[in-house]
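Visitor: The chain contents come next:
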Amino acid sequence: MDIQDLKTFEHDVVVVGAGGAGLRAAIECSAQGMSTALVCKSLLGKAHTVMAEGGMAAALGNVDHRDHWKVHFRDTMRGGKFLNVWRMAELHAKHAPQRVRELEEWGAVFDRTKDGLINQRNFGGHRYPRLAHVGDRTGLEMIRTLQDYGVHQGIDVYMEYSVLDILKDGDKISGLVAMVRDTGQFVIFKTKAVIFATGGGGKAWKVTSNSWEYTGDGYAMAYEAGAELMDLEFTQFHPTGMVWPPSVAGILVTEGVRGEGGILLNNQGRRFMFDNIPERFASETAPDEEEANRWLIGDKTARRPAELLTRDVVARAIMKEVKEGRGSPHGGAFLDIASRQDAEYIKRKLPSMFHQFKVLAELDITKEPMEVGPTLHYFMGGIRVDADTQMTNIPGLFSCGECSAGMHGANRLGGNSLSDLLVFGKLAGTGASEYSRKMERAPIIDADQVTGIIRHATDILNREHGQNPYLIHDDLRETMQNKVGIVRTESDLNEGIEEIQALKQRYLQVKADGASQYNPGWHEALSIRNLLITSEAVARSAAMRQESRGGHTRLDFEGEREEWAGANVVIKKGVDGKMEVNRVERPAAPEHLKEIAHSELSALEASIIAEIKP
Amino acid sequence: MTKLRHFEIWRGDKQSGQMVSYQTEVGEGMVVLDAIHQIQSESAGDMAVRWNCKAGKCGSCSIEVNGVPKLACMTRMNDYQNDEVISCRPMKSFPVIKDLVSDVSWNYRQNKRIKPFAPKSRDKDGNYRMFQEDIDRVQEFRKCIECYLCQNTCHVIRDQQKEDDFVGPRYMIRLASLEMHPLDTADRIPEIKSEYGSGLCNITKCCTAVCPEHIQITDNGIIPLKERVVDRYYDPIMWLKRKLFSGKKS
Chain A
0 MDIQDLKTFE HDVVVVGAGG AGLRAAIECS AQGMSTALVC KSLLGKAHTV MAEGGMAAAL
60 GNVDHRDHWK VHFRDTMRGG KFLNVWRMAE LHAKHAPQRV RELEEWGAVF DRTKDGLINQ
120 RNFGGHRYPR LAHVGDRTGL EMIRTLQDYG VHQGIDVYME YSVLDILKDG DKISGLVAMV
180 RDTGQFVIFK TKAVIFATGG GGKAWKVTSN SWEYTGDGYA MAYEAGAELM DLEFTQFHPT
240 GMVWPPSVAG ILVTEGVRGE GGILLNNQGR RFMFDNIPER FASETAPDEE EANRWLIGDK
300 TARRPAELLT RDVVARAIMK EVKEGRGSPH GGAFLDIASR QDAEYIKRKL PSMFHQFKVL
360 AELDITKEPM EVGPTLHYFM GGIRVDADTQ MTNIPGLFSC GECSAGMHGA NRLGGNSLSD
420 LLVFGKLAGT GASEYSRKME RAPIIDADQV TGIIRHATDI LNREHGQNPY LIHDDLRETM
480 QNKVGIVRTE SDLNEGIEEI QALKQRYLQV KADGASQYNP GWHEALSIRN LLITSEAVAR
540 SAAMRQESRG GHTRLDFEGE REEWAGANVV IKKGVDGKME VNRVERPAAP EHLKEIAHSE
600 LSALEASIIA EIKP
Chain B
0 MTKLRHFEIW RGDKQSGQMV SYQTEVGEGM VVLDAIHQIQ SESAGDMAVR WNCKAGKCGS
60 CSIEVNGVPK LACMTRMNDY QNDEVISCRP MKSFPVIKDL VSDVSWNYRQ NKRIKPFAPK
120 SRDKDGNYRM FQEDIDRVQE FRKCIECYLC QNTCHVIRDQ QKEDDFVGPR YMIRLASLEM
180 HPLDTADRIP EIKSEYGSGL CNITKCCTAV CPEHIQITDN GIIPLKERVV DRYYDPIMWL
240 KRKLFSGKKS
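As they're listed, the protein sequences go chains A and B.
With numbering that gives the first Met the number 0 as the guide, the letters of the first sequence map in order to residues 0 to 613.
With numbering that gives the first Met the number 0 as the guide, the letters of the second sequence map in order to residues 0 to 249.
Hints listed in this document are in silico derivations from the structure and should not be mistaken for laboratory results.
Hints are supplied without guarantee of correctness; some may be wrong.
Each pair of labels, with its calculated beta carbon distance range [to be verified]:
(1) P189(B) - A609(A): 34 to 40 Å
(2) V67(B) - D458(A): 54 to 60 Å
(3) P277(A) - V67(B): 50 to 56 Å
(4) P277(A) - R128(B): 48 to 54 Å
Cross-link-like lysine to aspartate or glutamate pairs, in silico, DMTMM-like; alpha carbons within 20 Å at most [claimed, not checked]:
(5) K437(A) - D168(A)
(6) K205(A) - E27(B)
(7) K113(A) - D122(B)
(8) K357(A) - D78(B)
Every residue gets a Cβ at the ideal spot worked out from N, C-alpha and C, and that includes glycine.
Excised from the complex, chain B in its bound form (with noise of 0.2 Å):
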């Protein structure tokens, strides 16, 4: 029970490239990962694609199909139409390397911005004490398996280009996940606003839509760090209470 299935894919490099048409059966089940894969060892055995679990956890084979962000092992055939006709791009926003494989390296940088976990001491008995209540938040952030595809969707970065200026969603709810942390000292809300660039964040909330874990990236971690922000530099009675009580984190 296999349908002939058309398709079209990106190929080619930093200089150039074009949409080239392929062919292939798609049986029950398939994803669209799985055709690419059978297109690879049928006709095209030097197209690249990224790819590791091909079950939604790890977060490598990020591409666009048909113009929407997705996991293509996660994507499946027929979710589309008998007769459409697929399209594979490179996710847009990162230079790409070959086909569909994009340089994601600047996200790497991104993250090695961030000041590191900084945890208080132990208990006396060696352990650390955590409420499941309190870590529901910084566990939903820590579901993220960095995909990438809330950076290449996030307008601040794909439309505005101000990458220098903004380490886009996927950051900003790992700082959400740090500062949420109950086992957290530092303090990172005076780079969250002026290195990492929470006000450029418009709400759009278009990273969360392409989230393929269901984070609320905007309302449950951009949204919140905005609001520490706001608290610290814009209200006038938290600036006088640190101006009095200063050296705690808030």
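The shape of chain A in the complex, shown without the other chains (with noise of 0.2 Å):
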């Protein structure tokens, strides 16, 4: 094949992944003067950010004046158990009410409170009210004001490309080869720069609240040029996912039915969490339904229901329940809002949860309590980069949002991760703009690393016989939600890593059936690469952390363990071709933030409003 036939298309930037992190990166890039791709696998819209429900967190401080960065930086350290990133947290926490302000003035309309400002409500593990909001479609409401206002900015948009691989000049980044899916044709992007805005790799699992684009596309593709993984062991289970019927089991169910005073119950009608409460949040949460029931009228010297604890706390929990005997009739939890809320509240805050409820499960939930259980739902893991300028160890090649890596440490609190797309996304935005303008020599495309990708993708359709892709999947699935899911062993995550290896000789032979043109099983081929080195990097990060911390949970090795405490796992592909896992000690936490992370609570809002105060 001669590469001069193929399209080529040259740009100073190219964004991969068009949901928040990629549309914020890409409206940087363009507001810095770079000519700007944004390639996406789906339409312009439709990217995973559009599920995103309960809010953005950021200390705007508008319903509790007290909030503060440093307060927002704390939860956010304590929800990770401390292995977030220092900078990031800190950027993160800095930058996000700048980032919301930003998002109203491109037209986004969050609820407002009394007073005509942005309305906030709580969540898991923020100390305040802190997630600005639309209902329960805070994700909708980010993604099409930022593309209605992403169409005027010169941004050229590519729709239903599927990015194969990276292209390097020596050590830096060159370009992309892309897929077209209607038409099956490839294409070449040549670019300076590259930021993944890729997203997670939920779709390895059974039950995960993930679309069909989660397929780990990002951290494969970087892995094969040689970028590092860190942190993959860190998968969130969101405690609250559709356990019935089985066609929806794993889709989301906000935390906000939470925030908004619901409480989960098990079938013995006992509001369990209260017996779940983790020491190191025992001074910050209400012990008994007195105390939370005062919280949820409002009563401001009253802490936070136990619901309201992290993610991994409560997912835990309902796995505890459902094991011991105690759980709803599908295997779940009860979540009750019904009790709890008017039928209109209910309604007017969380309306998709009605709906979904109602025509999905036939359910209504302003009269009977939901069944709910954990379902995979966030990567906390991701490429590594660094935390100013979101740059990897390939020089060129950036990464924003999910599929980053440091932000969110062991666990993510629920909000940050929409905050984290706009505030990363626009750092990385302009870390690849500022590189891409000091690279003075235009890169070289090489023909052997085209031919190549291309002729991997082709073979699949080219082959007489082979496996079908779609039980390549279904296999992955399996063994991943049984071996490698939210309570993990040593002997588990071995015969997951076995049987992943046994699935990668399987993929050598897949077959996808038809011609190029906009096929889904030679698309669902494609993405199974990256599906199987993602899963295999999940797998064997948590083989090597030997305890149990956030989204990692061991059996063999239970708690938090002092030996790594200091430690990342980090993973890159070996010169022999193999996968390398490698502990890499963490750099010592800078003292102003450690100071506030570990600060009693009291303290530090008391320093706070002498701050504030002239």
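Got two chains here, separate frames each, mind docking them using the hints?
Guide: Structure representation (structure tokens):
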């Protein structure tokens, strides 16, 4: 094949993925004068961000004036079990309010307080009402705002293109090879800088809130190109996914239900979360129903109900109830908002939950409790980046949003994702633009790399016989669900790794029927390579971390271990082509941040009040 | 507890196509999209269908089920009789790409034509103030998931094929959401009349009927815009007032 025949698009920066992070990054690149491409697998405006419900966390202090970036930062570090990259958590807490206000300036219409300001709601792990929101469709508001603003900024949008792999010129980025899904044609993007905003890899599990797009593309492409992946053992199982009927199992039920007062009950009618309060959060959590009820009616001296503990804690508690025979009929727990708020309030604050349960489960949430259970929701880990520029160890490759690591440590707080997308989307856009501007020489596209990538893709169609991609995917989902699930053991993980090796062998013979035009079987087959790399990285990282922390729970190593408090698991492709797993010691925490994160809440608040007062 | 169900699915591309029969076992709680996916993995690996969230939030899986424009992910199999054959076709108003996937790029071009949001300046403390009762209507319009079922159903586009003269119901409510936005300062009434084609809508409310978000597209969006156009261009008192005190957005 002569690569001269391939259509080539040339840009200063190419952003891959058009969710919140990708859109924000592209807007920034464009604002910096870059010729910017935005490449996405779906139609614009359909990315997974649209599914985010509850809100975006930012210490605006509109509802409780005691809020401050330092409290947000402290909450984030504690929620992440102190494994967050300190600088990223700091940048996030500091920049989030500006990013929310900017979104409003671009047309977002958040719910309001009585004074006409942006309203903020309670969420798990956040000390104060902190989530700017629009009912329970905040993600839609964000993506539509960015989309409608973005289309007027001169960004070139390439919709329904699948990026297949990275091209390099020496050690630096030179471009990408992509496939146009409509036609099956291959194209080249020639560029100095690439920003991955490709989201997570939840589609490796059977029960997940993620859509088909979540196939770990960014992790796998970055890994293949020599980037480092970090913290992949930390996978967030959201405690409340739908469990019934089977066809909708895993679909998200927003944490906003609990934020608005919803409670979790077992089949004996007990609010079991009060039995599951970890010591670290005991002093900041209501110990019983009496205090929790006062909190619900707005008593500011009351502490938060136990249902609003961090997601890892709530997910494990639900699992325990189910395992010990106190679960709901379909293997979850009951989530009750009907007895806590009146029907009109529920419909106004949680309209899409009302609609979703009514249509998909034939259940009226204003009258009956929902049945919910854990669902794979989010990757805390991902591509390792520099905190300020979001650049990876590959010059010219940047990453932001869910596909990058560090911001959330071992567990992400609800609401910190939407703000993460905007804060680090913008920073990645700045970082990539500066890099691209400084690069004087245009990169050279290497024809052999291009043909290698295309040959792998076309082999899948050209084989006479082979493995059905849908079945390989099904088997991978079984493996990850059963062997690399919410609770893990060394033997399960090792079996999981073995099974993934066997699937990799089968994948060498994968065959998609039909032609190259809009062929879902072929698209599925192409994404399985990425899912297999992602799954192996998760399983190997999980096997190395011999402790339980945040989203990573080991039955054979219970509790957080001191020897792991200061280390990350980092993965990269070895020179022999095998996956290399390393324990990497964390740099020392900056003193001023350490002080904030470890301070007593009352002392921190007193210092903030002193600081605010002239 | 599954039951073998019969499907007729349109297979083809720009050049040609036909309905093809499939069968699959349907279990409790399944929606049409689940059945399509099952058929895809069992016997039609290359059958094209768009989808993302599978929860009625992204608006990707718009097709016509037994002739009715619907989101495949929110259409339950038990809405149909047990022995009813389920037919699935791509949206009729847009060019087909392949099987159930249609080319909806026309919609993106309409969106780009709309004059962007132009906010007034912030209050001195850096905030914007808007009251909930003033934004309820705008928030109703912003629930739109861009499934384009309304665009597909609108007579002006589907039957009269005046897609060069009318932006369609989706973008009429987008225009309404901008025009009614308390912070917006731009004036789009002239374009709503002349370029976006508000006069072409004859208020049959078919768009409202198919909206999966239950947005009152016609009553709350299009009719008020039509009224604003009438006030501006056909009301003699308003016309005089404008002549005397020109330059302000009405």
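Visitor: Next, verify each hint and record whether it holds.
Guide: Hints versus structure:
1. P189(B) - A609(A): 34 to 40 Å: Since the Cβ atoms of P189(B) and A609(A) sit about 56 Å apart, the hinted range of 34 to 40 Å is violated.
2. V67(B) - D458(A): 54 to 60 Å: violated, 42 Å
3. P277(A) - V67(B): 50 to 56 Å: holds, 51 Å
4. P277(A) - R128(B): 48 to 54 Å: violated, 40 Å
5. K437(A) - D168(A): holds, 16 Å
6. K205(A) - E27(B): holds, 18 Å
7. K113(A) - D122(B): holds, 17 Å
8. K357(A) - D78(B): holds, 13 Å
When each numbered hint is compared with the structure, violations occur for hints 1, 2 and 4.
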